[in-house]
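Residues per chain are reported as follows:
2 protein chains.
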Amino acid sequence: MKSVFFISDRTGITTESIGNALLTQFTDVEFKKEFIPFVDSESKAYQALAKISSRYIQYGHRPIVFTSIMNPLIRDKFKIDSVFHIDFFESFIPKLEAELGEKASLAVGMSHGINNEEKYYKRIEAIDFSLNNDDGVSAKNYEQADVILVGVSRVGKTPTCLYLAVNYGIKAANYPFAELDLVNKKLPKALVPFHSKLFGLTIDIDRLHHIRSNRLPNSKYAELNTCKTEVAAAENVFHDDDISYLNVSKKSIEEISVAIIQRIKLNH
Amino acid sequence: MKSVFFISDRTGITTESIGNALLTQFTDVEFKKEFIPFVDSESKAYQALAKISSRYIQYGHRPIVFTSIMNPLIRDKFKIDSVFHIDFFESFIPKLEAELGEKASLAVGMSHGINNEEKYYKRIEAIDFSLNNDDGVSAKNYEQADVILVGVSRVGKTPTCLYLAVNYGIKAANYPFAELDLVNKKLPKALVPFHSKLFGLTIDIDRLHHIRSNRLPNSKYAELNTCKTEVAAAENVFHDDDISYLNVSKKSIEEISVAIIQRIKLNH
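Order-wise, the sequence lines are chains A and B. Heads up, the first sequence is in the working numbering, so the first residue is 1 and it goes up one at a time. Heads up, the second sequence is in the working numbering, so the first residue is 1 and it goes up one at a time.
Keep in mind that the hints were calculated from the coordinates and are not lab data. Where hints are given, some of them may not hold.
Taking lysine-lysine and the DSS-like style, the derived pairs with C-alpha atoms no more than 27 angstroms apart in a straight line are [to be verified]: (1) Lys33(A) to Lys79(A); (2) Lys228(A) to Lys250(A); (3) Lys140(B) to Lys250(A); (4) Lys197(B) to Lys220(A).
Not the full set, but computed from the structure, chain A residues with beta-carbon under 8 angstroms of chain B [what the hints assert, rightly or not]: (5) Val83; (6) Phe84; (7) Val137; (8) Ser138; (9) Pro159; (10) Glu255.
By construction, the Cβ of each residue, glycine as well, lies at the ideal position given by its N, Cα and C atoms.
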């Protein structure tokens, strides 16, 4: 077991994410991961070092410590022999300074700060919008939507809408293809005026069966045959009405969301 | 204007995030940022390079290109003089190989993949939970909650709950302190059995006034005096009942969420 720390002067979300991406490359090692955010003073650095030392003693080897700390006085506390230290800013800032011909300001990383009022309100508004336009409750706000996700029940529309709102401030509505729409094999009337905003999600039948069975075991809704009929009908609508769509079976919410963002950009 | 690209073999969310954190250090430069995800083949790399070249011609200088691409054959396409190239894996993988005494597997970065079934269901369940336990609609599921956020209206409970669910699979409920609770200055009865799960959010009065005015201009609800009374009463409850809390006025949803995660960990 190898001890790993992710340490940041801010939330550390990015630090953990890139550190994890690096560690997944080493499949034969088991890692014990710990996460220390908001290390923005020398005393907090010393507290973190105390924890790191205790893991050194416990596991008998020096911990791997990923940091993103802008202030060199704080960051340098981790440059000691008993720590295997990788800092994500340090390596790149000097190169960028040379390329841009400007000195870095060394302000604490701002990527997750509330520094942008407008962006903050946009995000809160998008969250309210997604909550109020979930599950096809009403089509009257679709004029304001950035995107409207369509597809069968449990294909992943709601999680994707919320992810887009919470992380990107994108106003995402969703409209489930219900039984009636699927029998008609036609795009529901309420959606016709908003064709350019539609984005379809589809899924492998086995996976949908699995997800629905997890939710409502032994129901008609979860039956393989129901899943098959519904998915086929939905995909028919996507084809006939020329709606871009994505099979989400092997995709995470992040991947689906990024694919949708790319699509929205193309439409603007 | 400097042209910047974020290019990844997966979503590129992390690449963009760390790239942006680096660029915010250069306050005198204006950047034109572009984002190309899912570059997982040589032909997609060439497509990206075509776009990069067009920006070189347009702006008259070589673009800055941040990549995180695991396959060296694809990544190396960006190692040309007309590109200022920074790759987030390349710099660190050899160091980690040396430290761990193992070769990297060079699989595409998996941090956002759906590779973990259990994690996927946990997340979907948490999203359902947060949607069904928003705004104190019912206390009957609080047994299952990982955390219950409390505070006055528009302090940021719902966005934080959704962020925790969508990004971390944490079951977060929220319960608004309504007028009656605030007149009594007592913790609502429904919450008493779940004291160990409570986490309070508070906010500066001016900021709350600003947020509420944005939502319902000229209402009693948004009046500075209403905000003052409600916030004071809520903070009283936090003190009297020994509930950990956080002032969110200058904090982003990410920062609030990470602070809450730290708190949840301490309680386990």
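Sort out which numbered hints this structure fails and list those numbers smallest first. 3, 4, 5, 7, 8
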